[in-house]
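A.B. asks: Mind assembling these two chains? They're in different frames, but the hints should get you there.
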Amino acid sequence: MSEAAQSSLASDDGAATLDHDHLVEERLVAWYFIAGLVYLFISFSGGLMMALQLVQWNPLQGSEYLSPGRWRMIHTNAVAYGFLANCFLAGLHWAVPRLTLKPVLSRPLSYFIFIAWQVVVVSTAAGILMGQAQGIEWGETPKWIDPLALAGLALVALNFMAPIIQAKGPLYVTLWYFMAAFVWTFLTYAMGNIAPEYFVSGTSAGAIGGLFIHDLVGLFVTPLAWGLMYYFVPILLKKPIWSHGLSLVGFWGLAFFYPLNGIHHFLYTPIPDFLEYGAIVSTIAVEFVVTTVIINFFGTLWGSGRAVVTNLPIRWFYTGMVLYFITCAQCAMQVTHTFQKLIHFTDWVVGHAHLVMFGVFSMWFFGMMTYLFPRLLKQSWYSRNLCEWHFWLSAGGILVMFIDLTLAGIFQGYFWASLQPWEASIDGSYPFWVTRLFAGLAIIGGQLAFVYNLWKTWQLSRRSAAAA
Amino acid sequence: MFESKSGILLIGGIGFFLFAFLSNALVPILLYRHLPEQTVEELADNQNLIYQFEDLKNRYPEQFEKYYGEANQENLTKALRLGSHIYTGEGCWHCHSQFIRPVSNESSRWGKVASSDEFQNELQRPVMWGTRRVGPDLSREGGRRGNDWHAVHFFNPQSLSPRSPMPKYAWFYDDNDPSKPNERGLAIITYVQWLGSWLEEYPDYEDYQPLEDQMRNPLE
Ligand code: HEM
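Residue numbers (the numbering used here), protein chains in the order written: chain A, 60 to 527; chain B, 59 to 278.
Chain B extracted, bound-state conformation (with noise of 0.2 Å):
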């Protein structure tokens, strides 16, 4: 049996794949079935994001005209698909993770550690967990940061981060002008504020302080 063809292609090819997949792919497809899965509609039915879809429009006003219109819930399910297919598409998560972890000071960092329920919709399909983090989490992202600043930060990371290896994205925009994001720079800014946008503590980013501010010495 050990050194039969049948014994080789049954029981180690077929048998023993079917095991695994069925113990480490099928038992949490069944946990967590009861789980329904959102769709991009019911993700853009949201106020924290359709908050900064509009700031957008108010921002790039004729950027935001060209290319999506009115700030409309069918254009921020647009805006949010593009994203997300930009984000694959550049590889983002190759240097970025979509996960807090319950270790190593990660909740301190970025906030509320990660659950099942956050990756149950159709942008996480496939999951954007990352394996490599070259830059910070974004799963906490949303909200953080104006997007006039993420419009920059696109454009030219260095700029507003002078060693940052992140790469400049100057595709996302029309003239090579970071203050006029196109149908791209607009989608990955949206795509941005979204992440974590499902959460309670959806930070506002004029009140929110960066970790540094917050471990500073007050009597400095």
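So here's chain A without its partners, still in its complex pose (with noise of 0.2 Å):
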């Protein structure tokens, strides 16, 4: 949005408010981007953990508060809910007051947001700890939090919502994910958390936790990072999306089969089949639609290719996007009886869950801070080397962690089809756990590139405004 175009709006509405530095809370956007680094590094070390656990080389042995059992619900939902939901709300902060030129709701309301948001997730952290997890994937947040979060996500709609709202005019797409997601997420969370808890168990429970892990990633991640995406690509590369009717059909395409996959987490479980093949469907017809929206983002690319190299944002986000590609071809063939049979239960489905969890939205967000943070501390990089560093430790590391854990997927699901001893699988898998431990490390080497280029570069901002 020019600021001629903002200052015509603020004049029609006879506000004289609406400049960037009213509209946008910028602290605020700098503080959960740091609340989100926090978490990603309380995630790694639990990742790590279970990674030396897997080689045997972990040496914290001994205290339940360091079991590795525990810590593994840590690295899953410290990604899930401490770092992506809190860079998803800078974002968010970021970008929503832009597209409608109107404030969030209330700046009290989100500075209490983001306080209740970290106690959440730290409360949820300790109950893991503490032995008190939920028997639900991605849902182990402790019963007694649940009411709570949902309490958290009803505000943060609320406060988006209000200038959604009030906006006039035809919306922009990424307001059509924004606003969905919102619903979702809620909708989500309520259902997962509660209903196999409280109303069903068994076979139907299964069903219903198979639709939670899914629309977690499907209906709150994906909504709110391809959001973004339709925000910062047209905006970095200076031109509109290629295709309007191609964001149609990738927006409504997921909303209407992503909600229909869970099931397909459960394939080959006493799940009846006929429910089992529905899911099987609708997810080879996500990936159709996941692959319009790729050719518009190429199509919105096309003729400004150097971006990618001479962009740092624009090469991560198109990164990302290559990666979603193969994480969709992927999941069109590992959602096949066929495939199932053997990589179910391996280490493949892991290698899967990185690539998408890392290798795409993470990804968008270190694209989005690398753009942002010289903007909200009004201060360029301290080292456009380290930036690089950060880009190519991470891109090959999550390179060598997906190749190595598919192959050991194969190999798994081979070894245990034999019917040769436990023990077997074990010995076979151990070489691919020693390259997935340094592949690890090479991702985790990444970040502290960044967190210490971040820090370099606040410490200059801080010198240059003490001399202004």
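Note that these hints are calculated values from the structure, not bench results. Glycine included, each C-beta is placed from N, C-alpha and C at the ideal position. The hints are all genuine.
Listed below are several chain A residues computed to face chain B (Cβ distance under 7 Å; list not exhaustive):
hint, residue
1, Gln120
2, Glu123
3, Phe315
4, Leu319
5, Lys400
Subject to a maximum C-alpha distance of 20 Å in a straight line, what follows is the list of computed PhoX-like cross-link-like pairs (lysine-lysine):
hint, chain 1, residue 1, chain 2, residue 2
6, B, Lys124, B, Lys136
7, A, Lys227, B, Lys63
8, A, Lys515, A, Lys437
9, B, Lys124, B, Lys238
10, B, Lys115, B, Lys136
11, A, Lys161, A, Lys227
12, B, Lys238, B, Lys226
13, B, Lys63, A, Lys161
14, A, Lys400, B, Lys170
C.D. replies: So, in structure tokens, the structure goes:
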């Protein structure tokens, strides 16, 4: 949005407060990103501990608070609710007021939500550490935190829906995704954490569990993340999205097919076959939808390809998109019964999970942070070299980890089907687990480079602020 | 409609979500509405399991006396509930599954393929199917190993399976001593012995032959 358009809008409304400083609470955006990074490192310590445990190099045995089983749940929960959720809130605070030209509902509420959400995440981690985890994958948040988390999600929706509802004229794609995500996230969280705990057991609970795992990725993370891509990519490339029609297909295709996928996490279970086939077919449909979105973004890039080399945030975004396409292509295969026989329960699935959570969504956030921190701190990056290290260690690490775990999964599947003793599959996995450990260390190294760079940049910004 | 606020909120947001919930969650709920959900008390009324619980009392009389007292129905229920709580809290279900698929020779390795009625009970709320197997499936684990085997295994898995990546669970024991399982230790062993106790073919660990022995060439 150009300055001119804004000031004209400001005068239309007769309000003089519509410049960016008043619209966007920049300090909060920075705080959300920093909170996200803190949880990222907490999550890393869990992943690292489990990776060490698998190769029997875990030095921290004997204390129940350092139990690898519990820390594995902290690993996934800290990533989803700590890292991703905080970064999303940062992105929303940056993008929504700019798109609607209205501030969020209330500034004190924004700060309250910030604090309340950190309380939710920290108590989730504490509850898991105390052995209070709830037995729902991705929903390990102890039972007593669930109502709190739901209240938090409702407040978030309220805070951001206020400016969106007031906005006049046609809505931009990003806002479609955000609006739907507010509804979906709340409903998904409520469904997944409450129904299998209090109302249903057994097979039906399994079906809901599958729906929950999937909706969390598909209806909370995916729409918010694509919404942010639709916002940042055109701004950085300085041109509009290639095709409005494809944007529509992408949004509505996702909205319809994605929620129908849930049961594909539990194929060959006692869930009836016709439901399993329904999930398989809609999963394959999602891959077609995804392809249209990818085409749309590469259509947008067409003609400005050099940006991928020169413009770091664009490079992060498009690397993530290529990996997204790989994830989805992989998904269309692994969802079939043929593949499921072999790879279900193996490290193949873990490789898939890391590819999408780190290789796609985390990468997009690193792109956003690379773009936004210099603007938030009013100071360009301390070292472009460290930014490059951040990118290459992350990209290299995730690629090695993905290939390694995918191969490990195929081996494990054949070891099990061959009816050799279980230990044979463990011996066979060992070299892959060692490789994954080092790939993980490379990823962590990349993030350390980033955090160091951020620290130095912050120091510079303080110095220039003091000088001014 | 496709770009309006109400279209997105009502059709995309609520409508499609509900459609998926109805078709993917409500259908199985309705399909299984006639299968009654068993309570833990009903589950504990099982000879295989009662035998194991009494065996625990005989093997670890002092510890058992201290934490549970009598080997009666009420205490068995208590142990099962706690065991199930530990199984979720320790994240065992992220390394072990609890269902046998009809493919990949799984029924040769572990036994009968899973069916819905097995999971229609209070201890499967939330259901413990799991999505990852670092270790073997446990839904047929009961009876395959003796209680003392489990006591040593949880204390130090590597002592029985040298390259096992399974963590040590020292906090299931008093005084760091594998012959002194505490309240939690006794509970998790009871829980593991419960798995599969409802089946005809509940094995007796003394006759139970591990797969590798079954597969061994008899002429060797
Ligand atoms: C932002 C970065 C990361 C994200 C988003 C992430 C995400 C995940 C997810 C979603 C899972 C669950 C997989 C499943 O159950 O299917 C998982 C498991 C795991 N992750 Fe990560 N991870 C990240 C970084 C790492 C790193 C750096 C390491 C190693 C040093 C690591 C090691 C592990 C291990 C060992 C597991 C358990 C796998 C198993 O159950 O066998 N992760 N992670």
